[in-house]
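K.L.:
Input sequences plus hints: build the corresponding full structure.
These protein sequence lines are chains X and E, in that order. According to this note's numbering, the first sequence is numbered sequentially starting from 1. According to this note's numbering, the second sequence is numbered sequentially starting from 151.
One should not assume that every hint holds.
Claimed, not checked - So the derived label-pair ranges between C-beta atoms look like this:
(1) Met82/X with Lys223/E: 47 to 57 Å
(2) Lys115/X with Tyr214/E: 50 to 60 Å
(3) Lys102/X with His324/E: 21 to 31 Å
(4) Thr348/E with Asp98/X: 17 to 27 Å
(5) Ala283/E with Gly16/X: 11 to 21 Å
(6) Lys335/E with Asp123/X: 28 to 38 Å
(7) Arg47/X with Lys304/E: 20 to 30 Å
(8) Asp98/X with Arg251/E: 49 to 59 Å
To be clear, the hints were calculated from the coordinates, so they are not data collected in a lab. Just so it is clear, CB atoms sit at the ideal spot from N, CA and C, and this is done for glycine as well.
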Amino acid sequence: QAHTPGSRAIIAMSEGKRLVETGRVCLCNYGANLGKLVVIINVVDGRRVLVDGPNADPKKAVKRQIMPLARLSLTTIKCDIMPGARINTLTKAMKAADVVGKWNAGSWAKGMAKKEAKASMGDFDRFKMMVARKTRAKAVNKAMKKMVKK
Amino acid sequence: AISKMSAAGVNGAPESGIVHTKYRQYQVVGRLKPSAEKGTRKANIFKMNIFAPNEVVAKSRFWYYMSMLNRVKKANGEILQINEVYEKRPATVATYGIWMRYDSRTGHHNMYREYRDTSVNAAVSKMYLDVAARHRSRFTNVQIVRTATVPIDKMRKSWNKEYLGKDVAFPLPHRVLRPSTKAFKKSFVAKRPRTDFTN
Numbered sequence: 001q002a003h004t005p006g007s008r009a010i011i012a013m014s015e016g017k018r019l020v021e022t023g024r025v026c027l028c029n030y031g032a033n034l035g036k037l038v039v040i041i042n043v044v045d046g047r048r049v050l051v052d053g054p055n056a057d058p059k060k061a062v063k064r065q066i067m068p069l070a071r072l073s074l075t076t077i078k079c080d081i082m083p084g085a086r087i088n089t090l091t092k093a094m095k096a097a098d099v100v101g102k103w104n105a106g107s108w109a110k111g112m113a114k115k116e117a118k119a120s121m122g123d124f125d126r127f128k129m130m131v132a133r134k135t136r137a138k139a140v141n142k143a144m145k146k147m148v149k150k
Numbered sequence: 151a152i153s154k155m156s157a158a159g160v161n162g163a164p165e166s167g168i169v170h171t172k173y174r175q176y177q178v179v180g181r182l183k184p185s186a187e188k189g190t191r192k193a194n195i196f197k198m199n200i201f202a203p204n205e206v207v208a209k210s211r212f213w214y215y216m217s218m219l220n221r222v223k224k225a226n227g228e229i230l231q232i233n234e235v236y237e238k239r240p241a242t243v244a245t246y247g248i249w250m251r252y253d254s255r256t257g258h259h260n261m262y263r264e265y266r267d268t269s270v271n272a273a274v275s276k277m278y279l280d281v282a283a284r285h286r287s288r289f290t291n292v293q294i295v296r297t298a299t300v301p302i303d304k305m306r307k308s309w310n311k312e313y314l315g316k317d318v319a320f321p322l323p324h325r326v327l328r329p330s331t332k333a334f335k336k337s338f339v340a341k342r343p344r345t346d347f348t349n
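P.N.:
This is how it looks when you write it as structure tokens:
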């Protein structure tokens with residue numbers, strides 16, 4: 001493969017890092033597919049990749065399409081597929097690698113879920129939150145006072 | 151910050167995975183109009199594959215080539231059929247070779263260009279933009295002689311060969327990410343943004 005010496009050095013240094021490669025799981029960080037997981041099926045060139053994001057939930061599914069790398073955030077998760085793998089093969093490979101499970105267990109997804117939960121709070125939820133914070137603060141202050149007295 | 155509030159179509163274009171390329175491929179079939187008074191004259195039927203933004207331009211280009219190559223004018227001829235040619239496998243990536251003839255300011259030249267994309271239409275659209283940028287040639291100055299998917303052993307451009315095969319893997323070393331929506335764009339930030347996401 002024709003690589004410049006500089007790019008060969010970058011690639012050599014990036015063993016075990018997040019790479020743009022077939023099977024790499026990514027998160028869309030821009031556009032209508034914001035927040036959805038996709039898998040890189042093939043690399044078109046240095047700027048664009050063919051991705052697919054099968055999901056049982058149609059709201060989270062991404063159709064097979066070309067996406068610019070600028071719209072993707074790479075994750076540490078990878079699944080084992082050949083370039084151009086079709087949707088059934090891809091779904092099986094994703095299950096075998098437990099992509100969704102690994103993703104949900106990671107702190108990235110948990111952080112996103114927390115933000116999501118906070119943004120979707122209704123007025124009553126905010127009230128409950130306020131009450132919970134006040135209760136906790138009361139308990140903490142009570143314990144503090146005891147410790148200070150000693 | 152990725153949040154539900156900023157999802158779904160806020161940034162404009164509908165995104166369903168369908169790419170509307172600027173140039174489409176049409177198969178145009180036409181011939182000289184048969185004429186009773188001039189006796190039976192040879193009305194060979196000609197077929198051409200034309201890349202154009204729409205059918206109107208496709209028909210116009212068809213007559214341009216007919217009068218140049220086959221001595222058939224639009225006034226004396228008729229179009230028998232015009233069909234759009236769709237990509238057989240739009241979800242697969244291939245290398246498209248385009249053989250073409252273009253006019254520079256001082257002469258005509260042949261060219262061979264190669265593009266990696268999912269459809270011929272997308273590759274041709276890219277070609278027109280590329281050639282306009284590099285050679286200042288416009289749509290009317292470019293004649294596409296032939297397009298074909300090029301197998302790996304016949305590929306001629308080294309910059310396309312870097313992305314072939316199942317072992318293609320490269321990091322994204324210095325990522326300048328943009329906010330997920332323009333609403334999150336900040337004119338002033340307290341810290342320099344993070345650009346290394348390889349770990």
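K.L.:
Now tell me if each hint is right for this structure.
P.N.:
Against the structure, the hints come out as follows:
| no. | hint | in the structure |
| --- | --- | --- |
| 1 | Met82/X with Lys223/E: 47 to 57 Å | 53 Å, holds |
| 2 | Lys115/X with Tyr214/E: 50 to 60 Å | 57 Å, holds |
| 3 | Lys102/X with His324/E: 21 to 31 Å | 27 Å, holds |
| 4 | Thr348/E with Asp98/X: 17 to 27 Å | 23 Å, holds |
| 5 | Ala283/E with Gly16/X: 11 to 21 Å | 38 Å, violated |
| 6 | Lys335/E with Asp123/X: 28 to 38 Å | 30 Å, holds |
| 7 | Arg47/X with Lys304/E: 20 to 30 Å | 24 Å, holds |
| 8 | Asp98/X with Arg251/E: 49 to 59 Å | 54 Å, holds |
Comparing the model with each numbered hint stated earlier shows that hint 5 is the single one that does not hold.
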